[in-house]
Amino acid sequence: MEFFQRFAIPNPSLAIYASMVAIGLTVIAIIAGLTYFKKWGYLWREWLTTVDHKRIGIMYLISALIMLFRGGVDAIMMRAQLAVPDNKLLDAQHYNEIFTTHGVVMVMFMAMPFIFAFMNYVVPLQIGARDVAFPRLNALSFWLFFFGAMLFNLSFVIGGSPDAGWTSYFPLAGNDFSESVGTNYYMLAIQISGLGSLMTGINMITTIIKMRAPGMTLMKMPMFTWATLVTNLIMVTVFPVLTVALAMGTMDRLFGTHFFATTNGGMDMLWANLFWVWGHPEVYILILPAFGIYSEIISTFAGRNLYGYKSMVASMVVISALSCMVWAHHFFTMGQGALSNSFFSITTMMISVPTGVKIFNWLFTLWKGKIRFTVPMLYSIGFIPLFVIGGVTGVMLAMSAADYQYHNTMFLVAHFHNTIIPGVVFAMLAGLTFYWPKMFGFMLNERIGKWAFWFLSIGFCLAFFPMYITGLDGQARRMYTYSEATGFGPLNMVSFVGAGVMAIAFALIVYNVYYSVRYSPRNIGADPWDARSLEWATHTPVPEYNFAIEPQVASSQAFWDSKKKGHELFPGKLEKIHMPNNSGVPFIMSAIFFVWGFSMVFSLWIPAIISVIAIFACMAHRSFEKDHGHYISVKEIEETETKLRGAN
Amino acid sequence: MGELFPRKQVMGFVFSLILTAAALTVYFLHLSFAQGMAVLVITAFVQALLQLVVFMHAGETEDKWIIYGKVYFMIGVALITVFGTLLIFLWDM
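Just so you know, the protein sequences line up as chains A and B, in that order.
Under the numbering used here, think of the first position of the first sequence as 1, with each following residue one higher.
Under the numbering used here, think of the first position of the second sequence as 1, with each following residue one higher.
For the record, the hints were derived by calculation from the structure and aren't laboratory data.
Heads up, a few of these hints could be off.
List of simulated lysine-lysine pairs, DSS-like, C-alpha gap at most 27 Å [stated by the list, open to error]:
| no. | chain 1 | residue 1 | chain 2 | residue 2 |
| --- | --- | --- | --- | --- |
| 1 | A | Lys358 | B | Lys70 |
| 2 | A | Lys626 | A | Lys564 |
| 3 | A | Lys220 | A | Lys310 |
| 4 | A | Lys368 | A | Lys564 |
| 5 | A | Lys310 | A | Lys564 |
| 6 | A | Lys635 | A | Lys576 |
| 7 | B | Lys70 | A | Lys310 |
| 8 | A | Lys573 | A | Lys210 |
| 9 | B | Lys64 | A | Lys310 |
| 10 | B | Lys64 | A | Lys220 |
| 11 | B | Lys8 | A | Lys220 |
| 12 | B | Lys70 | A | Lys210 |
| 13 | A | Lys370 | A | Lys563 |
| 14 | A | Lys368 | A | Lys220 |
| 15 | A | Lys220 | A | Lys450 |
| 16 | A | Lys220 | A | Lys358 |
| 17 | A | Lys450 | A | Lys358 |
| 18 | B | Lys70 | A | Lys626 |
| 19 | A | Lys563 | A | Lys626 |
| 20 | A | Lys576 | A | Lys564 |
| 21 | A | Lys88 | A | Lys39 |
All of these numbers come straight from a predicted model, not from anything done at the bench.
Start from the sequences, fold in the hints, and give me the full structure.
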């Protein structure tokens with residue numbers, strides 16, 4: 001019995017017990033449903049073992065949406081707790097756990113898979129490739145991310161959630177101050193999914209460098225592909241830093257090393273340093289693909305070429321370089337001198353220059369365009385002013401002297417939500433609406449989509465603008481309550497109302513999916529938005545091999561040229577197509593990683609060692625396996641093509 | 001027959017053994033900490049580049065510019081990270 005006590009929740013509450021029951025019932029319902037409808041084989045053959053970049057993209061998308069709702073519930077609970085002074089809804093410990101999981105879930109398990117979803121789905125189509133460069137590695141990336149996310153979410157019901165903030169600063173995150181296994185979960189879950197991200201980075205760079213359609217030089221790539229290339233270059237550069245930092249943190253917590261301890265020669269500040277060496281580029285890893293999606297959408301719905309293509313590319317490259325030399329602005333107040341603070345202040349402010357170039361390029365793209373106000377376009381137009389507010393407050397925070405006033409206040413919280421929500425979340429929802437017809441063969445309802453956009457934008461302003469004011473008045477972040485005398489009450493109530501309005505927006509998006517599944521017309525053709533780049537040149541639904549004939553490209557808007565200028569996109573003739581085989585190994589190996597992570601969290605060494613051996617066995621299996629893929633014959637392609645053309 | 005003999009690889013292998021031996025001397029020769037670290041850092045970087053060029057065939061394809069570009073970018077970021085960290089915690093703390 002003593003053995004099992006370690007799995008108990010250290011700070012239980014009614015809400016957690018209720019969630020346990022709900023999770024248990026859901027798992028039983030899923031298993032029963034799959035068995036009743038005899039879908040186990042379908043699930044295994046078509047999804048769990050797939051190496052198709054489109055299916056992997058869709059699985060990323062589904063995971064991201066589920067995590068969005070998990071993180072969103074955390075957010076609502078935080079705002080509810082702070083809505084009135086001296087609130088007793090949550091206790092301090094519970095509040096700590098919630099803001100920690102909110103941050104980790106939203107950054108690592110919502111935003112990251114969301115951008116991976118679009119990278120996976122769109123990039124091979126945009127460059128006219130049949131799949132990514134390493135399809136099986138891609139499946140492994142997804143499953144590592146997925147099991148990392150599941151491991152992190154498991155902390156909620158087994159052993160207790162992490163409670164040291166999403167930045168998990170030492171010495172607070174060390175064993176002395178965080179006794180529960182929560183922070184072990186943090187270290188190991190992010191480690192596992194971070195390995196997946198690193199592999200995706202390598203995969204995407206190789207895909208874009210090696211597999212572009214004939215004629216597509218680097219400067220003729222669509223803007224989202226450029227954004228993906230730059231993003232993945234940063235990702236491959238900085239994720240190893242996180243890997244090392246997490247490994248050191250894990251050893252501190254599990255094996256009694258003193259890397260980040262305050263005693264025995266350890267240095268707790270080094271964690272903050274290493275974390276942000278990864279963490280700051282990470283925010284650009286999130287925002288650059290979002291910029292790419294906006295570029296695609298704005299140029300499509302303004303009906304014009306993207307203004308300043310070369311300066312767009314140049315500004316992304318400059319952002320990627322600068323993003324790696326600004327990290328210290330996250331801890332201006334940690335005690336270093338004015339010299340280093342000034343250096344990092346200046347580099348931080350310099351980032352606003354290339355970002356400003358991009359903003360003006362979007363505005364000039366809109367200039368004299370025939371703008372169609374569709375839902376993706378609304379998000380893109382709403383993004384520009386809201387993101388500029390976030391950017392300007394960012395420059396305020398970049399001034400190190402002034403930052404002593406802003407540091408760790410709600411002003412900071414308002415700032416980074418002001419960049420991430422209009423920057424990343426709006427882009428993801430815009431991209432979701434934009435690419436939905438390509439993914440699923442029908443469009444999302446525009447009317448409900450517009451309602452959701454307005455609820456989200458207005459709710460966002462209501463929720464986060466008051467925080468600028470309370471922050472300047474001195475309300476600290478991560479405080480679970482405040483007294484009435486501070487006067488923060490009314491503005492926090494406004495924030496709570498705003499959070500509620502945003503929740504309605506997300507409910508509307510879910511309703512929109514349901515409504516559109518039932519009522520949207522299916523005969524939309526392959527190009528419902530009158531779009532410009534290659535991903536719209538193939539059929540909807542996209543066949544397994546993407547393009548029957550390899551496309552020939554002469555500009556960054558190859559599909560637009562073929563529609564308007566008579567450019568011949570598919571001059572070749574049908575040939576047999578080489579495709580990769582499905583494999584269950586990525587799924588099995590990642591599941592073993594999950595067991596390994598879980599065993600490590602609870603210091604169960606024997607299962608951990610067995611899992612490591614099993615992981616190496618999976619890799620050895622791959623090394624000695626003879627798998628040359630399969631060919632799709634010309635006859636099969638012809639049949640598929642006729643069927644798809646008939647459907648349109 | 002000369003084309004069949006992998007001269008470059010054999011030379012590379014010998015040279016990497018020499019580098020390894022040089023790094024090993026740090027343990028046996030009782031060097032000071034600074035001297036030992038200097039030897040280790042230099043041999044480590046040369047070793048890494050050697051492996052990359054000779055055995056991982058960087059620079060043998062048309063896209064060698066992206067491989068080397070990426071390596072230079074990584075080295076640049078690593079240097080910025082190391083010297084930035086030294087600035088924050090040592091020279092300016």
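Taking each numbered hint in turn, which are not upheld by the structure, reported in ascending numerical order? As far as the earlier hints go, 2, 11, 15, 18, 19, 20, 21 are violated by this structure, in ascending order.
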